[in-house]
Amino acid sequence: MSMFRSRLGLAVASVIAGLMVAVGGAAASGSAAAAPAGSAVSAAPAAAGTSVIPKGLKTHKVNASALRFRAAPNGWVKGLLFRGDRVFIRESYVGSPWVKVVVVGKSQSGIKHETRGWVHRGYLKR
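Residues -34 to -1, 1 to 92, numbered by mature numbering (1 follows the signal peptide of the UniProt record, and there is no 0), are exactly what the sequence shown covers, in order.
Do not take every clue at face value.
[Said to hold, decoys possible] Straight line, CA to CA, 16 Å or less: simulated EDC-like cross-link-like pairs of lysine to aspartate or glutamate:
1) K24 to E57
2) K66 to E80
3) K27 to E80
4) K21 to E80
5) K44 to E80
6) K24 to E80
If you're looking for bench data, these hints aren't it; they were derived computationally from the structure. All values derive from a computational prediction rather than experimental measurement.
Whenever a hint applies, use it, and build me the whole structure from the sequences.
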């Protein structure tokens, strides 16, 4: 904690807190009261039964013996997806082989339902 008490640490914490408030998040102080009054930030968890995955949209199956499930394109590996695991594509960009996915159901390696991450598009099939 002493590291954050230095001038530089306080300046950085102040800038981060300001940025978080500017984008609608809670400040670094950890209290929900630091969020702006009109903010859509909720301290309560998502309502039961709500899902990140829209109903009726098709999912993709992993078509690789083991596929790295990453935090970002070419980022650190969060886990592995195996052949047959199902994912829902949340974001894709023209010309990029990387897609942001959401795991549908629990994966064979134990990645929880609705966990978000990135995979290479070439290893997915409809």
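- Message: Name the hints, by number, that the structure is in violation of.
- Response: none
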